[in-house]
Each structure stands twice: as structure tokens, then as C-alpha cells.
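Chains as they are written, first to last, in our numbering: chain A, 1 to 250; chain B, 251 to 698.
All clues stand as given, with none of them false.
Within a straight-line C-alpha distance of at most 27 Å, the following computed DSS-like cross-link-like pairs (lysine-lysine) qualify:
#, chain 1, residue 1, chain 2, residue 2
1, A, 152, B, 616
2, B, 550, A, 219
3, B, 485, A, 225
4, B, 485, A, 144
5, A, 225, B, 550
6, A, 219, B, 485
7, A, 227, B, 485
8, A, 225, B, 616
9, B, 550, A, 152
10, A, 227, B, 550
11, B, 485, A, 250
12, A, 219, A, 250
13, B, 616, A, 106
14, A, 144, B, 550
Honestly, the hints are just simulated from the structure, not real lab data. Nothing here was measured: the structure is a model prediction, and the numbers come from that model.
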Amino acid sequence: MKHAITATTRMTRWLTLLFALGTIMLLGACAKKVAPPPPPPPPAPTAPTASLSANPNNLDPGQSTTLTWQTTNATDVSIEGIGLVDTSGSRQVTPVDSTTYHLIAKGAGGTQDATARVTVNRAPAPPTTVSNTTEQELFAQNVKDIYFDYDKYDVRASEQGSLQRDAQFLQQHPNIHITIEGYCDERGSTEYNLALGTNRADAVKNALIQAGLAGDRIKTFSYGKEKPFCTESNESCWQQNRRGHFVYEK
Amino acid sequence: MSNGARPIRRHAVIAVISFLLLSAASSAQDWIRTGTGLGVERVRLAASDFKPSTSDANNSNLLKTFNDTLWNDLDNAGIFDLVSKSFYPLQEPGQPSEINFTAWNSPPPNTSMLAFGNLGAADGKVTVQGWLYDVKNEKSPQVLGKQYTDNATTDAVRVIAHRFADEIIFRLGGGVQGIAETRIYFVSERTGHKEVWMMDYDGANQQQITHLGSISLSPRISPDGSRLAFSSINKGGWEIMMYSFDLNRMVSFPRFGGMNLSPSWSPEGKIAFSSSRNGYPNIFVVDASGGNSLRLTNDKGPDVSPTWNRKTGAQIAFVSGRSGLPQIYTMEADGTNLQRVTDQGYAVSPNWSPNGQFLTFSWMRKYGPGEPGSNDLYLMDVASKQWVQLTHDSGRNDFPCWSPDGRHIVFQSHRSGSDQIWTMLADGTNVKQLTFTGANTQPNWSWK
Numbered sequence: 001m002k003h004a005i006t007a008t009t010r011m012t013r014w015l016t017l018l019f020a021l022g023t024i025m026l027l028g029a030c031a032k033k034v035a036p037p038p039p040p041p042p043p044a045p046t047a048p049t050a051s052l053s054a055n056p057n058n059l060d061p062g063q064s065t066t067l068t069w070q071t072t073n074a075t076d077v078s079i080e081g082i083g084l085v086d087t088s089g090s091r092q093v094t095p096v097d098s099t100t101y102h103l104i105a106k107g108a109g110g111t112q113d114a115t116a117r118v119t120v121n122r123a124p125a126p127p128t129t130v131s132n133t134t135e136q137e138l139f140a141q142n143v144k145d146i147y148f149d150y151d152k153y154d155v156r157a158s159e160q161g162s163l164q165r166d167a168q169f170l171q172q173h174p175n176i177h178i179t180i181e182g183y184c185d186e187r188g189s190t191e192y193n194l195a196l197g198t199n200r201a202d203a204v205k206n207a208l209i210q211a212g213l214a215g216d217r218i219k220t221f222s223y224g225k226e227k228p229f230c231t232e233s234n235e236s237c238w239q240q241n242r243r244g245h246f247v248y249e250k
Numbered sequence: 251m252s253n254g255a256r257p258i259r260r261h262a263v264i265a266v267i268s269f270l271l272l273s274a275a276s277s278a279q280d281w282i283r284t285g286t287g288l289g290v291e292r293v294r295l296a297a298s299d300f301k302p303s304t305s306d307a308n309n310s311n312l313l314k315t316f317n318d319t320l321w322n323d324l325d326n327a328g329i330f331d332l333v334s335k336s337f338y339p340l341q342e343p344g345q346p347s348e349i350n351f352t353a354w355n356s357p358p359p360n361t362s363m364l365a366f367g368n369l370g371a372a373d374g375k376v377t378v379q380g381w382l383y384d385v386k387n388e389k390s391p392q393v394l395g396k397q398y399t400d401n402a403t404t405d406a407v408r409v410i411a412h413r414f415a416d417e418i419i420f421r422l423g424g425g426v427q428g429i430a431e432t433r434i435y436f437v438s439e440r441t442g443h444k445e446v447w448m449m450d451y452d453g454a455n456q457q458q459i460t461h462l463g464s465i466s467l468s469p470r471i472s473p474d475g476s477r478l479a480f481s482s483i484n485k486g487g488w489e490i491m492m493y494s495f496d497l498n499r500m501v502s503f504p505r506f507g508g509m510n511l512s513p514s515w516s517p518e519g520k521i522a523f524s525s526s527r528n529g530y531p532n533i534f535v536v537d538a539s540g541g542n543s544l545r546l547t548n549d550k551g552p553d554v555s556p557t558w559n560r561k562t563g564a565q566i567a568f569v570s571g572r573s574g575l576p577q578i579y580t581m582e583a584d585g586t587n588l589q590r591v592t593d594q595g596y597a598v599s600p601n602w603s604p605n606g607q608f609l610t611f612s613w614m615r616k617y618g619p620g621e622p623g624s625n626d627l628y629l630m631d632v633a634s635k636q637w638v639q640l641t642h643d644s645g646r647n648d649f650p651c652w653s654p655d656g657r658h659i660v661f662q663s664h665r666s667g668s669d670q671i672w673t674m675l676a677d678g679t680n681v682k683q684l685t686f687t688g689a690n691t692q693p694n695w696s697w698k
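Could you put the whole structure together from the sequences, leaning on the hints where they help?
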């Protein structure tokens, strides 16, 4: 069966080629003084393919997993939160929370993405009752920092969930005042990063106000690239440092 | 941008750099205007080691400091063809009467000018006599004769050498004041905190100025050298802070609230800086006491790092991220006539030249995720937006600042593996490292 298909396909190709050659010769014979026909358009680029898997995909907190990916026809492959990666490869990651890794493969023929979900089992709730958990401890457990794209200060779509949960927690705890500290990665100038960090802190503050929080509960500050959270020179570290950090004030 | 920044063609590069290095001297040197000497003939100068004039035990130590400092100053000036000491005659003069003109004005030294003299300590004082002779003019050779007396310490002798070097540079360099007595202010982390430090222009005499134990950044010295503005964390915000060299202590300056960053002095003593007191970081101007606040930009920014046209005080260049990656913009000192001068990449840290003609700044022309390129320093002619690249393939370079003579640029570079302060001539040559201890950043050169 397979042979038959191959043979048929080959025959069809030959016929097409013969027909094309004949056409060209005919045209050549009939219109010698006419400029030669334009070259046939290059074949349309093939669309990239991509696959991404995590093994294991169910972890206890602190364990790591291996992400493995393959792509074809892609020139530019990135994984959100990790950055640019090889077109195929693998990498160990240690997610703190359940994470959906999102791979984007870009090539001449388009864009293809693939995802892999890693579930991190929740640590058993600490054996404490609400009554002896302070507001500050609850704040630390519930309020998540907001991360930014490179040189950007708008709250990106993937951070909207964190932001809404932060806003919800703060609305349920109206006595808490906060300072949002803007941080930047190590690249670029000290002075520009301080200004950029100011805009990042302000963007988080404005989003919280939009979500219904009173502006007078929120102060802002910028550290720019002073006091980084992570000091290595790679994208995962830089991403750690591009953030609006929540600080409990009362 | 239709009239965007563009690289200068090769022949123009030479012309611009020649012009840059000598523009300040143009009033005294006709050949620059006529363009017949654009190869730039540097004055051939020999600097003979000074001789002891007394038999004090301190002499050899003081002479070494004096001779090394004088030689470095003349070498750093960038306007001399310094004759190597290995070509000098064995009999080096300590007095005019000891000069053998033929031995100096013919090969191997074949020099036009000769600096020489003597130094002697006695009873805790030191006396230095120095001369500059035009040895090709045997009939009337003396260009300069000076005598200095001070305490017999290496610090005092170093200052005397700087003064004598500046006298020579002033006379042979087209009437432009030398920089041997200038200072450089910078941020150092060597105590564990980012504090403001200062040093002589050649890296000697490094001293800590602030002891705030916080993070202090962006030191900028006032035109008269009496006050130093910088930015520091203070009570929940970044504020402009002021140190007085008249009182040798911090003096009060208004608190504006929000993030107040990157002060810059105008030639008349006004201060431009970035302030987020109204939300986004924008450029404001205040007078020397912090009053009469005027807002110059009004956008989401972020706007930061203003620098005044140091000649006219009528324009300000600054950095803004209003269109995405930070770019350099210029505007009039009242905020009108905004123009973007860089057309791509990541451009920061502008500094305006003393003659008002050039900006130097740090630029990563191709920048973004996955672009490992380096920040290099560039020089742009403000009127034409033509530019030349001053550093190449040497790590991250940032915060360039002009020397008062317009012939040198001090900057921060990571080329040695850590952030340190370096200087170079304004054409990118004669690169020298000034700091070696801890991390040192954000240099600012005194105005005189």
C-alpha cells in the first residue's frame, strides 16, 4: 500500500514536471523576443512544529522536573519565564507553584506553540488556626509580586491573575498598608533603571486602585537595579529582578 | 526619523575629531581654520627629570613623586609628542646654564621644547624651580620660568607638579587651561555602601566624602566647585542631597517627595533633575537653593538623566523611555522644541561638552532579549546628529563625562571584570584606568 502511494506520487510529480517543461519550451518557442518569465515563486516556508513535555509532571514542593522540547522549521524558540532556548533541548526547572510552561516556536512559516503543565502538590497547610496567624504572615503567604517584561512597565496579561488575587486579599484586609517597590534587571543604566522602577511600582499601584483599593493605602518606591533579588546574569534571574515587590507596612 | 542619527563618513570622522580636540584652541591656532595642518603636528616636548638642589634626605622621594606626576600630566594632556627619556643626553640640566642646546635640538631627542628644573627640601619646606625652554631658539629660549615653595610632603609636591604641568599645557596648548588640578567625583562601594568619593584627575588622592550608610548615586559638582549635588534614599524616597565643600558637611536642600534622581548643574547654578513627585518621572528645574520649581516634561516617561548645554545653559539633553527603549532627547531650557536625537537601540547617560557642540553618551545600538552586545560610548555633533563610536568591544561602558578642557572623557567601564573609572582622550585613544578598589561608578569631572 505504501509503495503504491509513493509510486503514484512520483508519477504525478513527473507528469507535472513534464508539463511544466513543455509549457516553458512552448513559451520559449513562441515568444523568443519577450523577456523570460519571472522565476517561479520560492516554495512556501513550512510551518514550524513544536512539542514540549515535562517529566515528571507532578512534584512535591522543592523537587525539580525536566522540560524537554523539540521543534522543526523554527528559528526562534522561547519558553515564557525562561527566555530564548535552543530549537530542541531540555532543562531542569524547580517551579514553586503549579506552572504551565509555554513554548513559542517562530519560523519563516509562522508560529507554533506548545504547553506542558507541571503540578506542584500543595504543602499540607500549617497546623495553625486563623486566630494565631498574624495579618503579616497571611500577607506573606497570599500576596504575590508582579513580574514585568524586559524594559516594560505595563502589567502584562499573565500577571493579571496574581494582581487580582493580591487586590482581593488586600480588600479583605483593609487595615493593611503597603509599599510597592519597583525593581529592574542589571542591564542598562543605573539612573534609567531607577526611573523605570518608579513606573513599574506606579503601574502596580494604579492597577490596584482600578481594582478598587484606596490609593492612600499604597506607597511606591524604586530600587532600580540596586538590591537585586538574584545576581546571576541570565534571563531567569533577570526575570526575577523585573518586579513590583509588595512590602507589608501595617 | 527622516533626519535621524547617522554615522559620520570616514573623512568626516578625522575632521570632527581634530576639530573636537582643538576647537577650544582654535582662536590661537590659525592652521586649524585654514585646514592646512589637519594631520595635527603635536609639539615635540622633552621633560627632563628635575635635579636635587639641596642635600636633604627627603629629596629622592619628593623628586620621584614630582617627576612621575609631571610626566603623567604632560602625557595625559594629549597635545604633545613626548620624547622618550631613553633619547635624552646623559647630562640633564637642573639650571638654564647647564643646557647643551645642540644635544637637545638635534637627533636623537630632536625636541622643540624642554621642561627642566630642580627641587630641594630644607627645614621641612621644599622649593621647586621649573623652566620651559624653546631649545630651537637659542637666542631667546625661555618660554616659562616658575618657582614654587610649599611644605616638603609628597602631596604638596604633587600639587606643584600639576601646577607646573598646567602652565606648560596652557602655553603650548593654544591657551586652554590644563586639567592637572581638576577633580573627579564618583560613587564607590568599597566601604560596603554606595557613597560619594572624589579623587585627583589622575586617580591619586582618593577620599570618601559622604558617610550616609545608605545608597548615594549620581554625584554632580557645581560649576564653582563649592557644592556637590547627588541623589540618596531618604525617608521613603530618593531625594536630592547637597554637600558643601565650604562647610565640609551636608547642607539642607528641599525634599520634593517621590523619586528625585540624577541632578545636573547649569552653568549659572540651576539644577535640573528627574522627579516623580506628580506620578511619573519627569524633568524639573529648580534654582540653587531648590526654589522656583519649573516642570519641563509632562508625559509617562520615564524621563531621567538631564544634562545642560555647558556653554550656553540654554538647552537640556535627557533620556526618555516615552517611545519604548530609552533614547536621548534635547529641548530648550524652558521645555520647548523637543527633539529626539538617537534613532534606535538603548541610549542613556548623555553629557554635554564644555564647548556646547557635542554630546557623549552610552549606546547599545542593537539591544533587546538575546542581544549580548556591549554598551559603548559615542560622541554626537548636536547640530548635525552625526556620531562617532569611541569605545569598541570592551564590555559595558556608561556615564561618560567631559573634562573642562573638552579634550578628555571620564567614564565607567566593566572591561576589567568589575565596574571601574577610566579616562580617555575625546577621540577614544589613550585609555587609562583610575580606580582599582571595590566597584566604582558614575564619574563626574569638575568644571575647572
